[in-house]
Every structure is written in C-alpha cells, then in structure tokens.
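Protein chains: 2
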Amino acid sequence: MSEVRKIKPSLSKGTRDFLPSEVAKRNYIFNTIKSVLRKYGFEEIETPAIEKLETLTGKYGEEGDKLLFKILNSGDYLSEIRSKKTEIASLTSQEITPMISEKGLRYDLTVPLARYVVQHQDDLAFPFKRFHIGPVWRADRPQKGRYQEFYQCDADVIGSNSLLNEVELTKIYLEVYEKLGIQVSLRMNSRKILEALAEYASCKELLTEITVVIDKLDKIGIEGVKNELSKLNLSAEQQQKISSLLQTKSLEELTAVFENIEIGKKGIEELNFVFKNTTAQNLVFDITLARGLNYYTGVIWEVVFSQSTIGSLGGGGRYDNLTEMFGGQNMSGVGISFGIERIYDVLEELQLFPENITQGVKVLFVPREESVEEFTFQQVQMLRDAGIPAEIFLGNVKKQKQFNYVEQKHIAYIVEIGGNEVESGRFRLRNSQTRDTEQDLTISDIISRLS
Amino acid sequence: MSEVRKIKPSLSKGTRDFLPSEVAKRNYIFNTIKSVLRKYGFEEIETPAIEKLETLTGKYGEEGDKLLFKILNSGDYLSEIRSKKTEIASLTSQEITPMISEKGLRYDLTVPLARYVVQHQDDLAFPFKRFHIGPVWRADRPQKGRYQEFYQCDADVIGSNSLLNEVELTKIYLEVYEKLGIQVSLRMNSRKILEALAEYASCKELLTEITVVIDKLDKIGIEGVKNELSKLNLSAEQQQKISSLLQTKSLEELTAVFENIEIGKKGIEELNFVFKNTTAQNLVFDITLARGLNYYTGVIWEVVFSQSTIGSLGGGGRYDNLTEMFGGQNMSGVGISFGIERIYDVLEELQLFPENITQGVKVLFVPREESVEEFTFQQVQMLRDAGIPAEIFLGNVKKQKQFNYVEQKHIAYIVEIGGNEVESGRFRLRNSQTRDTEQDLTISDIISRLS
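If you're matching them up, the sequences are chains A and B in order. Heads up: the first sequence begins at 910 in my numbering, then just goes up one per residue. Heads up: the second sequence begins at 910 in my numbering, then just goes up one per residue.
With the rest of the complex left out, here is chain A:
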C-alpha cells in the first residue's frame, strides 16, 4: 500500500454498494427465483464478466455497441500501433479503439449464453435448461432506477421445440411472482400473430416498422398509431385493418380473421395450447404486445405489475437463431427474464420483504466490563457449538451504541454479563423488541430456549 493518497472516496457513476440489509433482500429474491427454477429442472451456470470484443460486438445494434464497456489493453499499447507505422495523430477514437482494446464487459447474459452453448455443446445435456443470475454492464447515462452495473436473471431452454417449454416457463413466472407476493398480470402474444397482422394488412415487408409503431400504442394511443402508420405510406384501408385488429381482445375473435393466413393460425394454435395447459386468471392475451421482435419468433411474454405503472417486471419469448451467430447448429430456444432491480423496488415499496430475512444472530452477549470478556466469549461459543447464531459485543461500552448494534443487526435477544453472572452461571435473557426478560437461566436453558 505505497503512495497512500487521501481522497474523499466515491463510487463510479451508475454503480452501487449494497449494505448488509440490501444484500439480504436481494438474496431473498434470488433464492426465491432459484428455488422455483430448480424444482423445474433448471441448473445454474456462470460465465465471465470479461468477454472478447469480437464476441460482443455487432450483436446489439450500433447503439448497443456504443454502450459496451471496453477494457484497455495492458502494457505499452501505443508503441504496438506505432511499430506498425500507423500515424496515431490522424486516428479517430472509433478507429483507434479496436487497436487498443480487445475485451469488454458483458452487456447481457444472452450473447454469453449463445457462446457458452456452442463452446460446450459436447458437455451439456440437451434440452439444456439453465439459469444465470449476475451483473451486466452498460455505458448508459445513469438515472433513477437505471445503472451502469446491474443484475440480470435469465432462464432459458435450448434445443427443444416443444410448446410444453412455454407452458413450463409460464408456470414458473406465475409461481415466482406469487411466492414473492407480487400481483402481476402476464401478457402474452406471438410473433406469428404479429406477422399475420402484417400479412392481413398486405404489408408483410414492413413487419419490423409496424411492430415498432404498435409498441408505442400505450403512449400515443390508437390515433397516434394510425398517424405513424400513414407515415409508412400505408393506405387508409391498411391503417384501418391494423387498428381494428389491435382492438381484438381474444384469440377466438382472431380465428375468423386469420382463417386463410397460415402463420396466424399457427400463432393462435400455439397460444391456445399454452393457455389450455396453464389455466391461470392473470394470463392475458394481448395482441398489442410487440417486444423485441427482431429476436423472437414465437410466443412472447411480458410481466406487468398490476398495482402501478412501474413498467415491465420481466419478459421473454421463443427465438430460433441464438447459436447461429457463433456458427452453432440452429437450436431453438425459449427464455424468460426476471427484472430483479424492479422487483426489489416493488417489494420495498409495498413492504413485502419478510422480516426474518434481515435478521442477524439470535442473541447478543454484552460483557459489562473487560474482565468478563473471556468468560462471555466462552458462553457465546457454547451457543455457536450448538448451532445457534450468537455474538459477543466487543465495541463501544456506551449503552446507546449497544442498542444501535442490536437494532441495526435485528438481533432478537440480549444477555448482559457482569461479575454476578460469572459467579452464579445464571443469566437474564431479554427480548430486544418486547423487553420481556427471563431470569435465572443456565447456558443450557438458553440453548434449548433458542434452538
């Protein structure tokens, strides 16, 4: 630790520290999701934070490439450029970047999954059902609720076309949010139905553009949608066809409309299969759901929190070309993600975190003077040896500091130790909440009391 300079410490923008209570709450979310996923046969994997830029670049569009955090090469990177007779003075930032940076931080967990599956395909059991919880990094402008380093949680099935995977993932969604106590509605649609909609309005070639417009429906309303569609040179009739379809509320209504559109019939059939095998109140067909179109090829989900407009708590869909970008054989995949950061905010706002998850040890032993510390420690150790989480307070002797300690660490009981206790071997157990006490307990009494 040479050259110690004193600076006022601060975080890099868009990053966070987590206090012990926050880590406990985040672990509660992670563990709830993990326990459900494991019950369904999903296994956890991990990939590195650092990936080669050749793995990451070109996967997220031009805008995404700009948001990749790039790591500077080690060593004398400029002299390597100079040795190739390249004039550094004339280079732009964009030109020099690939010369001085070969790796970056992962932008999501999906591209690493694609690389992983192609690279390890001989070591994996297919259908490969994996989940992955971990941080990703984006050089986005930080703002409330948006960070440069944040967690994603994805569950995917790779290598099975069966629609029962969609059913399983729907059930997983419902079970996780129910366990967390968050009332959600699960909006579902299919890319196939959106394709059929474009075909029905005779503008198949504009599928991408149309879905971008549909995605804005919430914000701009149906008249706004028509207006945007007219900018795409769609006729009044075409606009009318689309806007009337967007008001469809059930798959039954659609059946007649798509009578002669194969892809539409297929989309309806698939969603019907999922609905039939899931049977849940909060499952909603929503033809206006159009997320991530270029990526998805079948069923798509979005989890919406019923009690406010905080935005999506999760989403996913079926995709067909995941591993293709790395030269893998074309394996169909389907996956969902959990919006962990927003789930945290909802649980916090509605005070839905269970109280016990932030609980520290069960009991704090407080020695009244230094001369009884060793004795106190021995008592505490007996509790620990019996498997009971316990602490000895070795801090400031001020009562207020001790109270703060108990309160901050949510410790349920306190035992104070002085000369009397050492002599008698009898202790007073005080409930830190109710202040009720039990007297004359031996250490065995306390052990059986707290076991």
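I should point out that these hints are in silico values taken from the structure, not numbers from a laboratory. Built from N, CA and C at the ideal position, the CB exists for glycine as well. Treat the hints loosely; a few may be bogus.
What the hints assert, rightly or not - Under 10 Å between C-beta atoms, here's a sample of chain A residues computed to sit facing chain B: (1) S983; (2) S992; (3) K993; (4) K994; (5) V1027; (6) V1076; (7) E1162; (8) V1270; (9) F1286; (10) V1289.
Unchecked claim - Capping the alpha-carbon separation at 30 Å, the derived lysine-lysine pairs in DSS-like fashion look like this: (11) A:K994 x B:K975; (12) A:K1318 x B:K943; (13) A:K922 x B:K922; (14) B:K975 x A:K961; (15) B:K1185 x A:K961; (16) A:K993 x B:K917; (17) B:K1310 x A:K1271; (18) A:K994 x B:K1140; (19) B:K934 x A:K943; (20) B:K1185 x A:K948; (21) A:K968 x B:K1307; (22) B:K968 x A:K917; (23) B:K948 x A:K1308; (24) A:K948 x B:K968; (25) B:K1088 x B:K1271; (26) A:K943 x B:K1088; (27) A:K922 x B:K1318; (28) B:K1088 x A:K1307; (29) A:K917 x B:K1307; (30) A:K943 x B:K1310; (31) A:K948 x B:K1310; (32) B:K943 x B:K968; (33) A:K934 x B:K961; (34) A:K993 x B:K994; (35) A:K922 x B:K968.
Given chain A, put chain B in place with the hints provided.
Quick look at chain B alone, frame taken from chain A:
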C-alpha cells in the same frame, strides 16, 4: 442482432465458464463458509466491479497498478484530448492512459472495503463484521491455476481492538475447513514478534528486508537465509541471532529471549491469549511466517493444507490503517480470507464434494410418444405442486440421449409414460442407479414415495 458474423467462439484469456456441476460445487464451498460466518454474526456486503481509478491506483504498489484492468472512456475520448491542444502523437501509453480511462475493475475486495467503510460509516453498526464473496480482476499472465478473473472471499472485523476477534476468526477458520473435510494446519505468528526479532538483532530499520528474506526460508533453507542476510550487511553475530531465533518452536522459548523487548513481549502475550482461548491441535506457532508485513500490524495467519504442498488455502491478519487511505478515522481491523479456487481444487482432487450437491431433480418423466406429452406434463406438474423437483423429458427420443440426460443431471428416478400408463394411471418408478423398479404406483404413491 444486426450484422451477425459467424466466428468460432472462445473465452477471453484467463477467464472461465462454469458448467452446472461446477457452479453447484462452488456454491457448496460458498454456502459452507457463509453458514459459519453468519453463525458468528458476519453479514454479507457487495461492492461494484467497477471502481474509479483514483480509488484503485496507488494502493497495490507499482506492479499492482500495472495489473489493474482499466476501462476505456465512452464517447469520442480522443477529441477531448485534442480540444485541450494536447499533441497525441507525442504521448506515451503511460501518459495517455489517465486521459482516456477513468475507471477500472476491482483488484481485490480490501480497497473497496476501505472505501465502503469510510463512505457508509454512518449507516454501519460497529464493530462492523462483514464478509464479501465476489470476483476480482488482475491483468496477470494466466497460467495453470491463475486467472485474470477469479473469486475472493474475505471476512473482516472493523473497529474493534479486542483480541477476541482474533480468537473468533481462528475458530471460524478451523470450523470452515473441518466442515469442508480438509485437514489443514493453521500457522500463526505476529508482526510484533518479527519486529522484536529485528530489534533483538539490532537492525530494526531493516525489518521489511529481513522479513522478505525470512519469507524465502522454505525455499532457500537456513544457510540461504544467512547468505541473504549477509548481503544486507548484517554481521555474523546478527545473522546468528536471527537464524537461531528462526528455529524457535514455541512461545515459551521466546519469552526469555524477548525479556527486555516490549514489542516482543506484547506479541507473545497476544498469541498466548489466542492459543489459550482456541485450544486446537492444528494451531501452530510459526516464527518463520512473515506474510504481508507492510500491511499487517499484529497477529497473522496462514492456512496450510496438510496433505500436499499446494500452497496456502487462506491467510489474514490484524491491520491498523485500512480506512486511512480514504481519510477515514483510523480504525483497527482484522480479517481472514479463504482461498476459494484452491479449496475447490483440493476438494476435487480428494473427491470430498458431497454427492448430493450436484443432484438435479428427483425424477424424470419420459413420454414415449408425442401424444402422451400433455398427460405426462400434468403428472409432473402434480409432483412440482407438491414441492418435489421433477422434469418432463422433451428432447431427442433416442434412448441413449435420455440416459445421458439422466446421468448428466444426476436424476435419481425415471418414469416412462406410454398409452398403458395414460389409461391405467399406474406408473413404474425406476431407480436410475440400481435399476430397481416399483410397479403399479399412482401419482400420489410417487409423491409420498419421493417426499
């Protein structure tokens, strides 16, 4: 996902993917350590991967600074330099780096802890007992067992001078390695004893140099040590004094030698206190243990695996100036770390991982044909609803693929479903290991059988 280029995927050097079985084994290590630490009142924290370079630089020595991964600034970073009329052509790599990079990846968990404690001191309960498990990054040359991205696991107590913290940490070390089934010996020494040794040989001012030499004893032997000491211009008498002390095996022997050396008496007293309050066979005083001297100020530990020379499985010590580098008030700290990557290697080599940790779901239902898939799914769902981890196999119909799946995911039971089973509602449960079967079970039978 525009511009899809097909490239053979590979990892960035010195990084790793983890297969499901590896994640399960790593989680087993983490959970074992966490459970012990929680019992002792330690709480988990998290800090970001990305820190400002001003936080990281100058803390790890010149060599360490070179090993920091630095993140390239976003946007048009070169034009910012040019706008300041700086001639880029004349800059060296070292000069340009601080102009184009403001953040880096954390190098360890200790400097982030110091920043964290100073920044959040009003929100923390002191003594602050925290643990942190997470990846750190170093631009080291990768080699067998050494990675650029690897995990550290640290437990520290900040803000208490009591030696009972040393006792607790010693007990934690012993308990963790015992739970993991790894036979270790815990070597202990004190920086105070090393200081006394230098004073005894009348060369206090050479403390750092002498301990560097002592650290090499294992490799160069006692004659080598003497030789190196002579290079430091120590007289034959001084060399003799040091080399004879290095052969001391017990604190008792030292007591007479340090009779008039205050710091030595203090060091002996402290270690005696820890030994008395710990009482363990595998706790060894080792005067030749000299790790991390510039950093530590009191007791130091090293965990050595008894059955091979794999190197240290952990280490730690008391330090007194942790928060000073960030202008915090001088708080004493003491901490230990667990060498997670090496612990993994030892457990793997000795086959000490419990079998059940890599177990997947309890039972796999295999539909013999597509027409019975929905029925099969319903049966599986009944098990899941009863809390039993279960799967339906939706993959390749080849028997061999199914066997592989069961084997790779360590699934205990198999139930095959065909027309007969659908009709009768009676199933055959086959143990995938012993191949024993039970016939004529209803789904309720299976549920109570596997609960």
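>> Check whether the Cα positions of K968 (chain B) and K917 (chain A) lie no farther apart than 30 Å.
In response: This hinted pair holds, its Cα atoms lying about 15 Å apart.
> Is the straight-line distance between the alpha-carbon of K948 (chain B) and that of K1308 (chain A) 30 Å or less?
Replying inline: 24 Å, holds
>> Given the hinted pair K994 (chain A) and K1140 (chain B), is their Cα-Cα distance within 30 Å?
In response: Distance of about 47 Å is beyond 30 Å: violated.
> Is K994 (chain A) within 30 Å of K975 (chain B), Cα to Cα?
Replying inline: At roughly 26 Å apart (the allowed maximum being 30 Å), K975 (chain B) and K994 (chain A) satisfy the hint.
> Has the given pair, K975 (chain B) with K961 (chain A), been kept, meaning a C-alpha gap of at most 30 Å?
Replying inline: Roughly 20 Å between the alpha carbons, so the hint for K975 (chain B) and K961 (chain A) holds.
> With 10 Å as the cut and Cβ atoms as the points, is V1027 (chain A) at the interface with chain B?
Replying inline: 5 Å, holds
>> Check whether the Cα positions of K934 (chain B) and K943 (chain A) lie no farther apart than 30 Å.
In response: Satisfied, since the Cα-Cα distance of roughly 16 Å is no more than 30 Å.
>> Hinted pair, alpha-carbon criterion (30 Å max): K1185 (chain B), K961 (chain A). Please report holds or violated.
In response: Judged against 30 Å, a Cα distance of about 53 Å means the pair is violated.
> Is K1185 (chain B) within 30 Å of K948 (chain A), Cα to Cα?
Replying inline: 48 Å, violated
> Any CB of chain B closer than 10 Å to the CB of V1270 (chain A)?
Replying inline: 5 Å, holds
> CA of K948 (chain A) to CA of K968 (chain B), is that 30 Å or under?
Replying inline: 46 Å, violated
> Do the alpha carbons of K993 (chain A) and K994 (chain B) lie within 30 Å of each other, as the hint requires?
Replying inline: 25 Å, holds
Comparing the model with each numbered hint stated earlier shows that hints 2, 3, 4, 7, 15, 17, 18, 20, 21, 24, 27, 28 and 29 do not hold.
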